[in-house]
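*Asks:* Generate coordinates for the entire structure from the input sequences, incorporating the hints supplied.
Line by line, the protein sequences are chains A and B. This note's numbering puts the first residue of the first sequence at 1, with every later residue one more than the last. This note's numbering puts the first residue of the second sequence at 1, with every later residue one more than the last.
Just so you know, the hints here were simulated from the structure itself, not pulled from any lab data. Note that the coordinates shown come from a computational prediction; the quantities given were computed from them, not determined experimentally.
Quick list of the computed label-pair ranges, beta carbon to beta carbon:
hint: 1; chain 1: A; residue 1: Q14; chain 2: B; residue 2: P9; range: 27 to 35 Å
hint: 2; chain 1: B; residue 1: F47; chain 2: A; residue 2: K38; range: 16 to 24 Å
hint: 3; chain 1: A; residue 1: D53; chain 2: B; residue 2: Q14; range: 42 to 50 Å
hint: 4; chain 1: A; residue 1: P18; chain 2: B; residue 2: F47; range: 30 to 38 Å
hint: 5; chain 1: B; residue 1: P40; chain 2: A; residue 2: P8; range: 13 to 21 Å
hint: 6; chain 1: B; residue 1: K16; chain 2: A; residue 2: R67; range: 44 to 52 Å
Partial list, computed: chain B residues near chain A (C-beta under 8 Å):
hint: 7; residue: G33
hint: 8; residue: M45
hint: 9; residue: Y50
hint: 10; residue: R95
hint: 11; residue: A108
Beta carbons are placed, not taken as given, at the ideal position from N, Cα and C, and that holds for glycine.
Letter by letter, the chains look like this.
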Amino acid sequence: DAMVIQNPRYQVTQFGKPVTLSCSQTLNHNVMYWYQQKSSQAPKLLFHYYDKDFNNEADTPDNFQSRRPNTSFCFLDIRSPGLGDAAMYLCATSRDGLSNLYNEQFFGPGTRLTVL
Amino acid sequence: AQKITQTQPGMFVQEKEAVTLDCTYDTSDPSYGLFWYKQPSSGEMIFLIYQGSYDQQNATEGRYSLNFQKARKSANLVISASQLGDSAMYFCAMREGRDSNYQLIWGAGTKLIIKP
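*Replies:* See the structure below:
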């Protein structure tokens, strides 16, 4: 089945220790998104890729970086995690055209990050 | 100003009853799309239903229907014959046609608990 896969499902890191979360998709979608979701809150968009074009949200901290080496894979790097970065990180994909309002996003199962 | 408002932080509903989850939105863009997503406690975000601003009929998908009242700017989700598995967070989201950034604007969510 076509899907969005996130690894690992649970990640524990230490304060200040870099961590990388990964996302892969078999849907061949051209847009990939990274969201941060804290407990009982709505997801917050960090950035997205439209093909290879990277789009950073204005309020995404510099501590968060992303890479998309090819269509299928996208990585979220947190350079120096703080306690406030503990959250669920959701990866999503969509097939988008400029005139396509129907932008269903397909989500992965998420990675729950704990910072000690 | 909030663009998506979900006024019910939490709801308890008896199994097999119908439930309505409220969502109001605010946009001056005549072209927009409205989405409902379900997020169980496991964390994955599941797309439920979509309504476009120009759609003449209310969207339906199985037990889910969207009560779209354009003049009131409301897009309430109706779940018929609720089941225990419907217990989850429910998010209403909107995409505006003028936003070339493909962003979904999310509501704060409603936590639905189905009682046996």
